[in-house]
Amino acid sequence: MGGRAVAETVLSVKGLRKTIGGRPIIHDMTFDVYAGEVFGFLGPNGAGKTTTIRMLVGLASADGGEIDIGGISLRRSFPQAIAQVGCIVENPELYKFMTGRENLEHFARMSGGIPPERIEEIVRFVDLERAIDDKVKTYSLGMRQRLGIAQALLHRPKLLILDEPTNGLDPAGIRELRQFIRRLAEEEGLAVFVSSHLLSEIEMMCDRVAIINKGRVISVGPVQDLMEQFADRVAWTFPPEAERRGRDVLSGLPFVERVWPDGEGRLYCRMDTERIGEANAALVRAGVPVLGIAAKTVTLEDLFLALTGGGGEDGAEHARTGTK
Amino acid sequence: MGPSMLALVQNETIKLLRRRRFLVVLLILAVLIPIFTYAQYRSVVTAQERMGTTDWRTLLQQQIVDTQNRLASSRLPEEWREFLKIRVQQQQYYLDHDINPMAPGAPTFARGFMDQAVSLFLPMIIVVLAVDLVSAEYSEGTIKLLLTRPVRRWKVLTSKYITLLLFTSLTVLMTLLLAYLISGVVFGYAGWDLPVLTGFDVTGGELVTSAVFMLPQWKYLLMQYGLGWFVCIVVGTITFMVSVLVRSAAAGMGIMMAALISGTILTQMASTWESSKYLFVVNLQLTDYLAGTLPPIKGMTLPFSLAVLSVWAVAALIVAYAVFIRRDVAS
Ligand SMILES: Nc1ncnc2c1ncn2[C@@H]1O[C@H](COP(=O)(O)OP(=O)(O)OP(=O)(O)O)[C@@H](O)[C@H]1O
Ligand SMILES: [Mg+2]
Numbered sequence: 001m002g003g004r005a006v007a008e009t010v011l012s013v014k015g016l017r018k019t020i021g022g023r024p025i026i027h028d029m030t031f032d033v034y035a036g037e038v039f040g041f042l043g044p045n046g047a048g049k050t051t052t053i054r055m056l057v058g059l060a061s062a063d064g065g066e067i068d069i070g071g072i073s074l075r076r077s078f079p080q081a082i083a084q085v086g087c088i089v090e091n092p093e094l095y096k097f098m099t100g101r102e103n104l105e106h107f108a109r110m111s112g113g114i115p116p117e118r119i120e121e122i123v124r125f126v127d128l129e130r131a132i133d134d135k136v137k138t139y140s141l142g143m144r145q146r147l148g149i150a151q152a153l154l155h156r157p158k159l160l161i162l163d164e165p166t167n168g169l170d171p172a173g174i175r176e177l178r179q180f181i182r183r184l185a186e187e188e189g190l191a192v193f194v195s196s197h198l199l200s201e202i203e204m205m206c207d208r209v210a211i212i213n214k215g216r217v218i219s220v221g222p223v224q225d226l227m228e229q230f231a232d233r234v235a236w237t238f239p240p241e242a243e244r245r246g247r248d249v250l251s252g253l254p255f256v257e258r259v260w261p262d263g264e265g266r267l268y269c270r271m272d273t274e275r276i277g278e279a280n281a282a283l284v285r286a287g288v289p290v291l292g293i294a295a296k297t298v299t300l301e302d303l304f305l306a307l308t309g310g311g312g313e314d315g316a317e318h319a320r321t322g323t324k
Numbered sequence: 001m002g003p004s005m006l007a008l009v010q011n012e013t014i015k016l017l018r019r020r021r022f023l024v025v026l027l028i029l030a031v032l033i034p035i036f037t038y039a040q041y042r043s044v045v046t047a048q049e050r051m052g053t054t055d056w057r058t059l060l061q062q063q064i065v066d067t068q069n070r071l072a073s074s075r076l077p078e079e080w081r082e083f084l085k086i087r088v089q090q091q092q093y094y095l096d097h098d099i100n101p102m103a104p105g106a107p108t109f110a111r112g113f114m115d116q117a118v119s120l121f122l123p124m125i126i127v128v129l130a131v132d133l134v135s136a137e138y139s140e141g142t143i144k145l146l147l148t149r150p151v152r153r154w155k156v157l158t159s160k161y162i163t164l165l166l167f168t169s170l171t172v173l174m175t176l177l178l179a180y181l182i183s184g185v186v187f188g189y190a191g192w193d194l195p196v197l198t199g200f201d202v203t204g205g206e207l208v209t210s211a212v213f214m215l216p217q218w219k220y221l222l223m224q225y226g227l228g229w230f231v232c233i234v235v236g237t238i239t240f241m242v243s244v245l246v247r248s249a250a251a252g253m254g255i256m257m258a259a260l261i262s263g264t265i266l267t268q269m270a271s272t273w274e275s276s277k278y279l280f281v282v283n284l285q286l287t288d289y290l291a292g293t294l295p296p297i298k299g300m301t302l303p304f305s306l307a308v309l310s311v312w313a314v315a316a317l318i319v320a321y322a323v324f325i326r327r328d329v330a331s
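Sequence lines, in order, name chains A and B.
Under the numbering used here, think of the first position of the first sequence as 1, with each following residue one higher.
Under the numbering used here, think of the first position of the second sequence as 1, with each following residue one higher.
In short, the hints are calculated from the structure, not lab data.
Where hints are given, some of them may not hold.
No farther apart than 20 angstroms at their CA atoms in a straight line, the calculated lysine to aspartate or glutamate pairs in the DMTMM-like style are these [claimed, not checked]: (1) A:K96 with B:E140; (2) A:K96 with A:D134; (3) B:K219 with B:D193; (4) A:K137 with B:E140; (5) A:K135 with B:E140; (6) A:K137 with A:E90; (7) B:K155 with A:E105; (8) A:K135 with A:E120.
Work the whole structure out from these sequences, hints included.
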C-alpha cells in the first residue's frame, strides 16, 4: 500500500451533486481513485451508486461539482476524458441481433483508431473465441458479461467502471470475475471502480472503499482498516451478577482487543472467532457462568448504523479513522 | 480524437440492415406493386370491354360525357363538383391536343403509382424505416454504448440522420425501379418520351391553361419523384423526432400512422377548415400540383406546400437535437 502515495490519480470527483425532479439525489460527493487499485463503491439499494456512475460516464449531467479523468475535465473535454474510460452500467447492453464480433467492431468504430488485431487479442483475453461469431441473443448471461468486459477493455482504458458486475452470476462466475478484476488492477495497472451493495464482495476484491448512503459519502478508506474495525465480534451473555467478573476476565486475555457492553445485558469483544473456545475455557476456569456466545459477522446494516453514529463508540471511532 | 463521421454512418447502416428494416420496405414494395399493376390492368380491360373499343380517344370522350352527366345531376357536394369540373376541363384539353394522358407503359404506371402513393403509402414505408432508429437504442439500453464513447452527442444523432437520408433516398429510387420493372411485364417498357402536360393553374374554380406546356414523360417523372423524395424526407425527419421523443416503437408507429391517416381524411374535407393547410399532413400530395388537379384548400400552391413542409422538418430537427443532447439517460 506504500506505493499509493505515488500512484496516479485516474479519477477525481469533487463536490458532485445531482437533483432529479426537484429531489436532491447526490449530495456533495468527493473521492479519488488511483491507478492500479480496485476501488469499491459500497451502498444499499437506492444509495445513488448508479446515479453517480451515470454522471461519471457522461450518461447524465452533473448539477454541480467536478469530474476529472486522467486530469481532464469530463464536462469541458468530454471526448478526451471519456476516451480513457471503459464501463458497464447496470447490465452489459449489446446488440442482440449482431454477432459478438460485429458488436466489437461496432464498438471499435465508435472509439476510433483500434487495429483489428486488438479485437482478436481481447477475444482471447476474455476467452470467447468459440462463440464470437454467434449472434449475441444465443449467449448466456456469463458470456454476455464477458463480451461486455471485452467491449469495456477494447480501447485500453485507464479506468474501468463496473456497476454491480456480479449481479446475476453464479458463485463460480463471481469468483472468476473477482480474480479477473484483481488481475486487471495488479498486472495491467488499471484503476477499477466497482459498485456493490454486498460488503463481503467489496471485502474480497477491493483495496479501498467509499461507503455511501442516501447520496452521501460516509467514509473513504482502505478496506483493511474497515474490516479490522468491524470484523470478528463476539457477543457474550452472562447472568447480571457475573457481568463484571466476565468483563474483567475477557479484558485480561491477550487475544481480546477490546470489550464493551451493548446496553442490553451483553458484552461485545473484538477477537478472533476461532479462539472463542479458549476464551470460554478461561471464563469457566475463573468460575464465570456463560449463558450464551454468539459470533457476530458484520452486516452492511451494522456498518451503516455504526458509521452514521447509531452504533455508539465503535462507529464513531471508525468514522474518525475513515475521514482522515 | 474520436471516430470519423464515415465510421459512425457505417455503424448505423450495418444496424439498420441487420434489423431488416430495409428488407421489410423492399418486401412491401415487391408485394404491393404487382397488386397495383394487376388492378390497373383490370380497369383498362374492363373499360375497353364496356365500350367495345380500344381507341383511347373514344374512351376518354366517354369518360368526359360520364362526368358531365354526374355534374348535371347536381346532388354533388360543392367541393366535389369543382374537382370534377376541373378534371373534365383537363381531360378535354388532353383530347383537344391529341395526347393520351394514360398511354399504357411502365413509365406511365410509375407516374400513376407515385400520384397514388405520395401522400400515404410512401410516407408509411418511411415511417417503418425511421420509427425506431433512435428509440430502439433507448429501449434496448444500447444507447449507453453510443454515448459513453469519445463522440459528441450531436455527432451520434447526425450519423443516424444521415443514414436515414440515405435509406429514404434509396427507398424512393427503389420505388421507381420496382414500379417500372414489375409493371413493364404487363404494360411493356416503352413510353419514356410520351408527352405529358403540366403547368395547369386553377384560379377561382376554372382551369387556366395559358401556362400549360408539354414535357417528355421522363422529365415529368424526374420532377415527380423529386417531389416524392422531398415528401419522404420531411416525413422521415418528423418520424425521426418522434423516435427521439418516444421510447416505444409501437407508440411512435401509432402516432405517425394516426397523423398520416388523419391527413388523408382532412385533405378530403379540409376546404371548410382553412387553417388546416398549415398541417404537414395536408401538404403531402405535392405531385398534384404537377398534374394540375384541384388542391385540397383554395390558395394552396406548390411553393406554399414546400414552405410548410420545410418549416415542419426544420422544427422537428431542432426539437430532436435539443432533446437528444440534453436528456439524461435513465435506466
Ligand atoms: N430518473 C429518476 N427519477 C427519479 N428518481 C430517481 C431517478 N433515478 C434515480 N432516482 C432515485 O435516486 C436514488 C438513487 O438511485 P440509484 O439507482 O442511483 O441507486 P443505486 O445505489 O444504484 O441502487 P441499486 O443498488 O438498487 O442499484 C433512488 O432513491 C432513486 O429512487
Ligand atoms: Mg444501481
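Verification of the hints:
1. With a CA separation close to 9 angstroms, the supplied pair K96 of chain A and E140 of chain B stays within the 20 angstroms bound.
2. A threshold of 20 angstroms between alpha carbons decides the hint, and for K96 of chain A with D134 of chain A the separation of about 10 angstroms falls inside it, so the pair holds.
3. For the proposed pair K219 of chain B and D193 of chain B, the alpha carbon gap of about 9 angstroms is at most 20 angstroms, so the pair holds.
4. Among the hinted pairs, K137 of chain A with E140 of chain B is consistent with the structure: their alpha-carbon atoms are about 12 angstroms apart, no more than 20 angstroms.
5. Using a Cα cut-off of 20 angstroms, the hinted pair K135 of chain A and E140 of chain B holds, with the two alpha carbons roughly 16 angstroms apart.
6. Proposed proximity of K137 of chain A and E90 of chain A is supported: the alpha carbons are some 18 angstroms apart, at most 20 angstroms.
7. Distance restraint check for K155 of chain B and E105 of chain A: the Cα-Cα separation of roughly 19 angstroms lies within the 20 angstroms cut-off, and the hinted pair is therefore satisfied.
8. The suggested pairing of K135 of chain A with E120 of chain A holds, with an alpha-carbon distance near 17 angstroms, which does not exceed 20 angstroms.
Checked against the numbered hints above, the structure breaks none of them.
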